Amino acid sequence: MPGAVESMTGTILRRLASMLPVMFIVAICVFLLLHLAPGDPASIIAGENVSPENIARIRAQLGLDQPIWKQFLVWIGALIRGDLGSSMFWGDPVASLIAQRAEPTVSLAFTTLLVAVALAIAMGVLAAARVGSWVDRLVMGFAVLGFSVPVFVVGYMLIFIFAINLKWLPVQGYTPIAEGVLPWLRNLVLPSIALGMAYVALIARITRTTMLDVLAEDYMRTARAKGVATRKMLFRHALKNAAVPIATVVGNGVALLIGGVVITETVFNIPGIGRLVVDAIARRDYPIIQGVIMVFSGVYVLVNLLVDLSYTFFDPRVRG
Amino acid sequence: MTTGLAAAGAAAAPGILAAQTRPPASRTLRVVLAGDLATYDPIWTTANITAYHGAMVYDTLFGIDDKLNPQPQMVNKYSASEDQLTWTFELRDGLKFSDGTPVTAKDCVASIKRWAVRSGTGQLMLQRLKDVTASNDKTFVVALKEKFPLLIDGFSSPATPVLFIMREKEAMTDPMQKIDTIIGSGPFVMNMAETKAGSQYVYDKSATYVPRPEPASGSTGGKIVKVDRVIFQNMPDSQTAVAALQAGEIDFYEIPPIDLLDQLDTDPGVKLINLTDLGTVGYIGLNWLHPPFNNLKLRQSLLYIVNQEEMMKPTFVDKKWYQGCGSWFTCGSPMENDANTDWFKGGQNLAKAKELMKEGGYDGKPVVVLQATNIPYMMNAATVFAQQLRTAGYNVSLQPMDWANVVQRRSNKAPPDQGGWNVFFTSSGGLSNANPYMIGGMATTGDKGWFGWPTDAKNEELRTKWINAATLADRQAAARDIQQNAWDIVPHMYYGKWSQPAAHRKNVTGWLKVPELVVFWNVAKA
Chain A
7 MPGAVESMTG TILRRLASML PVMFIVAICV FLLLHLAPGD PASIIAGENV
57 SPENIARIRA QLGLDQPIWK QFLVWIGALI RGDLGSSMFW GDPVASLIAQ
107 RAEPTVSLAF TTLLVAVALA IAMGVLAAAR VGSWVDRLVM GFAVLGFSVP
157 VFVVGYMLIF IFAINLKWLP VQGYTPIAEG VLPWLRNLVL PSIALGMAYV
207 ALIARITRTT MLDVLAEDYM RTARAKGVAT RKMLFRHALK NAAVPIATVV
257 GNGVALLIGG VVITETVFNI PGIGRLVVDA IARRDYPIIQ GVIMVFSGVY
307 VLVNLLVDLS YTFFDPRVRG
Chain B
2 MTTGLAAAGA AAAPGILAAQ TRPPASRTLR VVLAGDLATY DPIWTTANIT
52 AYHGAMVYDT LFGIDDKLNP QPQMVNKYSA SEDQLTWTFE LRDGLKFSDG
102 TPVTAKDCVA SIKRWAVRSG TGQLMLQRLK DVTASNDKTF VVALKEKFPL
152 LIDGFSSPAT PVLFIMREKE AMTDPMQKID TIIGSGPFVM NMAETKAGSQ
202 YVYDKSATYV PRPEPASGST GGKIVKVDRV IFQNMPDSQT AVAALQAGEI
252 DFYEIPPIDL LDQLDTDPGV KLINLTDLGT VGYIGLNWLH PPFNNLKLRQ
302 SLLYIVNQEE MMKPTFVDKK WYQGCGSWFT CGSPMENDAN TDWFKGGQNL
352 AKAKELMKEG GYDGKPVVVL QATNIPYMMN AATVFAQQLR TAGYNVSLQP
402 MDWANVVQRR SNKAPPDQGG WNVFFTSSGG LSNANPYMIG GMATTGDKGW
452 FGWPTDAKNE ELRTKWINAA TLADRQAAAR DIQQNAWDIV PHMYYGKWSQ
502 PAAHRKNVTG WLKVPELVVF WNVAKA
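Line by line, the protein sequences are chains A and B. For the first sequence, my numbering assigns the number 7 to the initial residue and increments by one for each residue that follows. For the second sequence, my numbering assigns the number 2 to the initial residue and increments by one for each residue that follows.
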């Protein structure tokens, strides 16, 4: 057993170390893509009624007149020291801007994941257990719809029905959890549903498929023959064996979630990291865009690592 | 368990405390403006939204009343010497910055110097300036080398960059570098603790501000704050902003989309309001450096091709929100006139345009039109313009991109097929466009000028004549001459004028009309 723990620790450390080159490549790509793409923050800052000379002076003040390799070295040097730089416009440190915006984004992602995973797995298991029935068709129909309808369409419909017509929930905004769990939840209900639709569809589909595979296995037939209760058979035996692909999809879906968060935060006016980056792109606030993409990439790589590690929990053969 | 609860309580405490100290909703205005407040220094940037912020936090020496006439604001009295070369200004009593320090003449001197570098009128003043000095704590003197009748107009203009008075410490900052501390002597104080950059900007009623005794009018008079707090909320999605206004979650929305105005108009809790009669003017920039529009005849052909009505309608739909305008200066402004506007009165005339294209020797070279797709009115105008050019026989390359890309690309002087351009679209405030000096696009100083780089000595002479005009009548006559010449040489064109209505909750009253600014003093919430 101590050997297994050491082996696990070694695996985690190796995987963490392998993140470094990945993040370095991400850093190079992000920097080059941004700086080679057209757009000029100095012109945006300067506004309309400004002479080209004054724009050039602002560009020089921001260091944007320096060769691109020099700008990269300055940025990567600071990044290695843990400094994400400061916004060109507000002057606030990017790290503090991200920290300020993290709570709404994490809250939204958390409530979405929680509701989506619980709902999707139940739907997927139910559809697999009643394959071919109207329940199965209903779940699959919902899955197709959930995956096809864009987040913003769902968002606007929810706002129209629940905020404007019924006046049950607020249209927009975010209340920090420190100001009360109920107000916090009230602001998150509609965005979580809107964002979770595609996620529910994705997980429900994969749950149904893997559950159908597992239910066709000999040991499940044996369990049935031995008279094991359906609920116990489905959730205790079948679901555990189907968990690895489901966990993979949940992990991969984080990318979907990150993309969806950007749109959801805009539609529901949630001051999260997604909104921060969208606004920064529009005005080419390079340090913010670079910082957020680095953080999102780091989160994505970490989630994948966690998913890989979860296999050892769900499947003892991986542990061995 | 007890430890857990204590920890949770400690973590939640700052948020709960902040929530408890916030003014009630009935004393708080939540407003959504045209965009995000990207930076706090209203001199470093000339973006309009930062001028709105400036008007909250800073005060001005002069303002303009609702008839557009300059009136003293921070200034108590002022006088000019007989030769008009020495101007003496005395500050009124009780002026204080929000940090409690008094506003002095030295603060004004430093602020004027910093503003002048960025302002069109300020630069004209600098050319004529001998010195600007503080005589004592309350008096400063502007000494000129030659007469400058626009001095007070410049000091009072609400067009960005506005002459906001900062503390000397901040005003000494290089105008090309942003200031870090936001302390002004205006009617509001920025609450940095509650402000979340990119999300909400919070302004509290200033405890130190002493309003003038006169009633509020335009950007002058008593700036009496009737709420405790104003919050600028950044809400980029217009659909969400409209829904939030209807639900009463916000009190004011500056630019509701025109296609949703009917929806707002029928809402019993919402009212539409036009906050500026001079509106906004659509500007078509033409590149004088490269074919085809380095050719006079081909520029003139555009006069007979452009149909403003067609370019405005897709965005503004109803004629009550837009109008075609043949004047070189904003329609509705004191400088509007009809000199040399037969081309406009006659409407689109493609036969005449083709004749001019033939005379100009148009050889089919593509006209590169930069189209900002993230600004709907510019995108729509550019689409229609491209089609109008094609109908006349021009070969058009319409190049879609975002605004950030347009502002970079338009500074490129290379030929259009090497990264340059022929036409771009922008807009300017109606007040700015009523003045041949307030926007760079009015100059014809060639290489040193604004994007498009037109060159015309006569226009420059006439602009100088306009500056030196002693009376309004003289200025209007000079404006007429400028226009007569401008429509002969076509330095740039317009695609119309519009008034974007704002929307507010009906229980919020007291809105003031100030061209190019939205101000929140005098506004009360029932």
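Worth flagging that the hints you see were computed from the coordinates, not collected in a lab. Treat the numbers as computed from the prediction; the structure is a model and nothing was measured. Some clues are possibly wrong.
Said to hold, decoys possible - Computed far set for chain B versus chain A, every beta-carbon distance over 12 angstroms:
(1) 37
(2) 175
(3) 243
(4) 301
(5) 335
(6) 458
(7) 468
(8) 513
Claimed, not checked - Mimicking EDC-like on lysine to aspartate or glutamate, the simulated pairs with C-alpha atoms at most 20 angstroms apart in a straight line are:
(9) 114(B) to 138(B)
(10) 466(B) to 266(B)
(11) 449(B) to 59(A)
(12) 197(B) to 185(A)
(13) 173(A) to 268(B)
(14) 170(B) to 100(B)
(15) 321(B) to 266(B)
(16) 414(B) to 71(A)
(17) 507(B) to 94(B)
(18) 321(B) to 364(B)
(19) 114(B) to 83(B)
(20) 114(B) to 185(A)
(21) 107(B) to 94(B)
(22) 78(B) to 138(B)
(23) 148(B) to 83(B)
(24) 197(B) to 98(A)
(25) 346(B) to 310(B)
(26) 206(B) to 195(B)
(27) 197(B) to 109(A)
(28) 320(B) to 238(B)
(29) 298(B) to 364(B)
(30) 355(B) to 489(B)
(31) 246(A) to 314(A)
(32) 414(B) to 109(A)
Using N, Cα and C, we set each Cβ at its ideal position, and we do this for glycine too.
> Which hints from the list above does the structure break, by number from lowest to highest?
Replying inline: 1, 2, 3, 10, 17, 18, 19, 20, 28, 32
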